[in-house]
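Peer 1: For reference, the chains in residue letters:
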Amino acid sequence: MLVLTRRRGQAICIGDNIRIVITRIEEGQVRLGIECTDALTILREELLETVREANQSAQTAVPAQLDHWLQHHDAATSGSSRPKEDSNP
Amino acid sequence: MTHYATRFGSLDIADNQIWECIAAMPGFTELRHFALLHVPTHGPFVWLQSLDDALITFLLVAPAHFQLQYTQAPHFAHPQKSGIPMVMVILPQQPDGVLQTNGLAPLYFLPEKKQFGQWIVEQQESLTSDISTSNTPPANLHVLTILDDAQAPKKTVARPLSIGAA
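If you're matching them up, the sequences are chains A and B in order.
End of the first sequence = 89 in the working numbering, gap-free, step of one.
End of the second sequence = 166 in the working numbering, gap-free, step of one.
One chain only, chain A, in its complex shape (with noise of 0.2 Å):
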């Protein structure tokens, strides 16, 4: 990783389109502004890792598991306790 050192107002650029400045430093916290082109996407590291996350979560939903939530949502919104169908006729 490379570490550098800079004091407020003071800037570091990536490449040509990025620019870093360290807007205000105070009580543990440093306020940046980022100036760059719109198509770039710049997250909280934490807001990246929860949608991260919520991905993983949705990509296991298989079409079963679907049709059981459905047929069960079905039955509950209409007001009837359908009896569970046996599995072994």
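Where hints are given, some of them may not hold.
Short derived list, chain A residues pointing at chain B, Cβ under 10 Å [what the hints assert, rightly or not]: (1) D16; (2) I18; (3) L70.
Between beta-carbon pairs, the in silico distance windows are [what the hints assert, rightly or not]: (4) B:E20 - A:E46: 50 to 56 Å; (5) B:S82 - A:G33: 30 to 36 Å; (6) A:L2 - B:S82: 39 to 45 Å.
Keep in mind the hints are simulated off the structure, nothing from the lab.
Just so you know, these numbers come straight off a predicted model, no measurement behind them.
Note that the Cβ used here is the ideal one computed from N, Cα and C, for glycine as well.
Once you have looked at the hints, place chain B on chain A.
Peer 2: Relative to chain A, chain B alone:
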């Protein structure tokens, strides 16, 4: 028309039914090609099937079913303004659990280009009108309808869904 292995078995999918992912989904950045599949008995839900990995599918639904809306558009949509946001659904482990949605990271589809991407927003925006009770996916997604008689339930959903937040 090309033959693909999917969660629904082998399917013939035409080139114009293939969606290209232009803003990668965190955790799945290597996946670029997908198809939108719809089982009629699944009501408004749509399956985003990876064509690069047959075992990876995501369940999607229109945000209005979860009383969500997205009034802005992601950077990759510009200058197009006719995109369609969809949200990922996380199925509960038990059938009596509530559905959850990844409202902070909708998928934004551009039908004219057959492209989509995941768009991460800082805050969710609630729908001001009533929750959607539509029983079909958005028509302009032109999803590929498949029949899955062996697993499909006999009835379909025509009521608001139980909701949660991821």
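Peer 1: Please go over all the hints and tell whether each is borne out by the structure.
Peer 2: To see whether the hints hold, each was checked on the structure:
1. D16: Violated, because the Cβ-Cβ distance from A:D16 to chain B comes to roughly 19 Å (cut-off 10 Å).
2. I18: violated, 15 Å
3. L70: holds, 5 Å
4. B:E20 - A:E46: 50 to 56 Å: violated, 29 Å
5. B:S82 - A:G33: 30 to 36 Å: holds, 33 Å
6. A:L2 - B:S82: 39 to 45 Å: holds, 42 Å
In this structure, the hints that do not hold are numbers 1, 2, 4, in rising order.
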